[in-house]
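Trainee: This is what each chain is made of:
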Amino acid sequence: MFDFPYFITMLPDIWEAFKETVVMIGIALSISIIIGLPFGVLLFVTDKGLFWENRFVKNIFGFAVNLVRSIPFIILLVALFPLTKILVGTTIGPIAASVSLSVAAIPYFARLVESSLRDIDKGVIEATIAVGATPWMIIKDVLLPEAKSTIIRGITLTVISLVAYSAMAGTIGGGGIGDLAIRFGYYRYDNTIMISTVVILIIFVQLIQLIGEQFAKSLDKR
Amino acid sequence: MLEFRNITKIYESKKKQVVGVDDVSLKINKGDIFGIVGYSGAGKSSLLRCVNLLERPSSGKVLIDGVDLTQLSSGSLRTARLKIGMIFQHFYLISQKTVGENIAFALRAAKTPKNKINERVKELLEMVGLTDKKDVFPAQLSGGQKQRVGIARALANNPSILLCDEATSALDPKTTLSILKLLKQINEKLGITIVLITHEMNVVKEICNRMAIMQDGKVIEEGAVYDIFAQPIKPLTQEFINSVVSFEIPSEILKDVKGQVIKLLFKGEVAGEGLISDTIQQFDVKGNFLHGTIEYIQERPLGIFIMELQGEKNAVNEAKKYMEQRGALVEVVKHV
Numbered sequence: 001m002f003d004f005p006y007f008i009t010m011l012p013d014i015w016e017a018f019k020e021t022v023v024m025i026g027i028a029l030s031i032s033i034i035i036g037l038p039f040g041v042l043l044f045v046t047d048k049g050l051f052w053e054n055r056f057v058k059n060i061f062g063f064a065v066n067l068v069r070s071i072p073f074i075i076l077l078v079a080l081f082p083l084t085k086i087l088v089g090t091t092i093g094p095i096a097a098s099v100s101l102s103v104a105a106i107p108y109f110a111r112l113v114e115s116s117l118r119d120i121d122k123g124v125i126e127a128t129i130a131v132g133a134t135p136w137m138i139i140k141d142v143l144l145p146e147a148k149s150t151i152i153r154g155i156t157l158t159v160i161s162l163v164a165y166s167a168m169a170g171t172i173g174g175g176g177i178g179d180l181a182i183r184f185g186y187y188r189y190d191n192t193i194m195i196s197t198v199v200i201l202i203i204f205v206q207l208i209q210l211i212g213e214q215f216a217k218s219l220d221k222r
Numbered sequence: 001m002l003e004f005r006n007i008t009k010i011y012e013s014k015k016k017q018v019v020g021v022d023d024v025s026l027k028i029n030k031g032d033i034f035g036i037v038g039y040s041g042a043g044k045s046s047l048l049r050c051v052n053l054l055e056r057p058s059s060g061k062v063l064i065d066g067v068d069l070t071q072l073s074s075g076s077l078r079t080a081r082l083k084i085g086m087i088f089q090h091f092y093l094i095s096q097k098t099v100g101e102n103i104a105f106a107l108r109a110a111k112t113p114k115n116k117i118n119e120r121v122k123e124l125l126e127m128v129g130l131t132d133k134k135d136v137f138p139a140q141l142s143g144g145q146k147q148r149v150g151i152a153r154a155l156a157n158n159p160s161i162l163l164c165d166e167a168t169s170a171l172d173p174k175t176t177l178s179i180l181k182l183l184k185q186i187n188e189k190l191g192i193t194i195v196l197i198t199h200e201m202n203v204v205k206e207i208c209n210r211m212a213i214m215q216d217g218k219v220i221e222e223g224a225v226y227d228i229f230a231q232p233i234k235p236l237t238q239e240f241i242n243s244v245v246s247f248e249i250p251s252e253i254l255k256d257v258k259g260q261v262i263k264l265l266f267k268g269e270v271a272g273e274g275l276i277s278d279t280i281q282q283f284d285v286k287g288n289f290l291h292g293t294i295e296y297i298q299e300r301p302l303g304i305f306i307m308e309l310q311g312e313k314n315a316v317n318e319a320k321k322y323m324e325q326r327g328a329l330v331e332v333v334k335h336v
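Chains A and B, in that order, are what the protein sequence lines are. When you line the first sequence up against the UniProt record's numbering, it's residues 1 to 222, in that order. When you line the second sequence up against the UniProt record's numbering, it's residues 1 to 336, in that order.
Source of the hints: derived by calculation from the structure; they are not laboratory data. Warning: the hint list may mix true and false statements.
[As the list claims (entries may be wrong)] To list a few chain B residues with every Cβ distance to chain A over 10 Å, as calculated:
1) R81
2) M86
3) P138
4) A170
[Unchecked claim] Distance condition first, Cα-Cα at most 25 Å in a straight line; then the derived DSS-like pairs of lysine-lysine:
5) A:K122 / B:K83
6) A:K221 / B:K134
7) B:K181 / A:K58
8) B:K15 / A:K221
9) A:K140 / B:K184
10) B:K258 / B:K234
11) A:K122 / B:K97
12) B:K263 / A:K221
13) B:K286 / A:K140
14) B:K181 / A:K140
15) B:K286 / A:K48
16) A:K48 / B:K205
17) B:K133 / B:K205
18) B:K83 / B:K14
19) A:K85 / A:K19
20) B:K258 / A:K221
21) A:K48 / B:K15
22) A:K217 / B:K111
23) A:K140 / B:K97
24) B:K15 / A:K148
25) B:K134 / A:K140
26) B:K234 / B:K286
27) B:K16 / A:K140
28) A:K148 / B:K116
29) A:K140 / B:K15
30) A:K122 / B:K189
Idealized CB from N, CA, C, for every residue including glycine.
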């Protein structure tokens, strides 16, 4: 069932695929943090009773987030081909795959940020309003620091979701570990590759979870 | 001076309207330590939160030195808030920032120049007695210490008013006393007006000079703490006063008393005990103490005695008249 010498000969391919996975997750994660974090903050501070309360903005952004999150990822992948083509010039390869991965991850991460902020005691926010702080100060020095650890946990969750999504992106030419698993393991009944890719993904996810949790804990001063 | 003018706060929910504060007008003078007392739900917290507009009144004005805060733009309101410190029952410090950073946050809100911040933080920590805790996180502090940090943060920008929202309700009696002492010190040293809300009469007795009692969103009684302690008018006020100065005499004892039972109240300088012995010597009556205490409110003695007077009806009346002439308040609790 598991052909070890064959596995050794395939190692360079596996390594190549692993690097592709890391690249597409890395790009998608960076973009979803850069865009999703402000989005999440916006979703929170425009909520009822907060300093930028604005039902219109809240509803528009809330709707957009829900819209993207309700589309099955495999459909989103294909639907975003035209956009990917414009941005990257091709629809094949890890860079191209990171476009749709980012689009899927931004609203996901934004919601996680929003719920992290919601966990902050409202009294703490109120106390800083009473002090006379500006909204920007409150975001920078109260909301983000207070939610830091839960946001880190949110990043961990996002990475893990991206690992799963990246495997799906592999099926339509995105490259990476998922692609390898599909092409060899699924289409060619190559158990060795199937098992090794799955094991690699398991170890990868466990590691991310472990590191993320340790990091979140080390930052928390409560 | 802080003035509430016809403040009403209505909370709208889908099903009904709840009146939190009902047409309250109050004046709080500069340098006062003003206590607002009431049971939970009486509207005292809502009223307090109207001062810095954490809650906007549905109608009415909040005037600080003649400026109506409800008319200010959000920018000017922010500036006005720099001069209104507030502390809370649950402290509400930024948990991920050190004590020093928490205080510095308030200073930065006032755009204090960077090189001045460190110095001021040190000053404030000294004032609240936490010099060695600058780099410690709030989680490592006790409740009393957290409240001290809250006080330092509230005082950072030299406010003219300090609001205390049940500031000692989460603390044990000993810590409560130490925090009250600190508040009193701040009031005396810096001349800051303090408005505090509480359900503990002890707090009011300890440090307030004026007070108001709230019930169902209304202020039902208001005045100098000493006067209210001496002669509470409304039943609720009496209930609150009784919680700290109680004169319940068991009915069994009252039944066995033969003479007239009177309650004597000596305010301030009237030397109660001297007066009583004078009276008993001068008139043909026998006195018998049933209860008595001298409370010190605002460092002024308030003597309250309940005693039985035995003797001829005339003599008893003469004795009562004499005591009234010498400044005691006499109230008959039980006729013969």
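Trainee: Take the hints in turn and mark each one as holding or not.
Mentor: Hints, one by one, checked against the model:
no.	hint	result
1	R81	violated (4 Å)
2	M86	violated (4 Å)
3	P138	violated (8 Å)
4	A170	holds (12 Å)
5	A:K122 / B:K83	holds (22 Å)
6	A:K221 / B:K134	holds (15 Å)
7	B:K181 / A:K58	violated (46 Å)
8	B:K15 / A:K221	violated (42 Å)
9	A:K140 / B:K184	violated (35 Å)
10	B:K258 / B:K234	violated (30 Å)
11	A:K122 / B:K97	holds (17 Å)
12	B:K263 / A:K221	violated (58 Å)
13	B:K286 / A:K140	violated (76 Å)
14	B:K181 / A:K140	violated (35 Å)
15	B:K286 / A:K48	violated (71 Å)
16	A:K48 / B:K205	violated (40 Å)
17	B:K133 / B:K205	violated (31 Å)
18	B:K83 / B:K14	violated (36 Å)
19	A:K85 / A:K19	holds (22 Å)
20	B:K258 / A:K221	violated (69 Å)
21	A:K48 / B:K15	holds (18 Å)
22	A:K217 / B:K111	violated (33 Å)
23	A:K140 / B:K97	holds (12 Å)
24	B:K15 / A:K148	violated (38 Å)
25	B:K134 / A:K140	holds (21 Å)
26	B:K234 / B:K286	violated (33 Å)
27	B:K16 / A:K140	violated (38 Å)
28	A:K148 / B:K116	violated (29 Å)
29	A:K140 / B:K15	violated (38 Å)
30	A:K122 / B:K189	violated (33 Å)
The earlier numbered hints that this structure contradicts are 1, 2, 3, 7, 8, 9, 10, 12, 13, 14, 15, 16, 17, 18, 20, 22, 24, 26, 27, 28, 29, 30.
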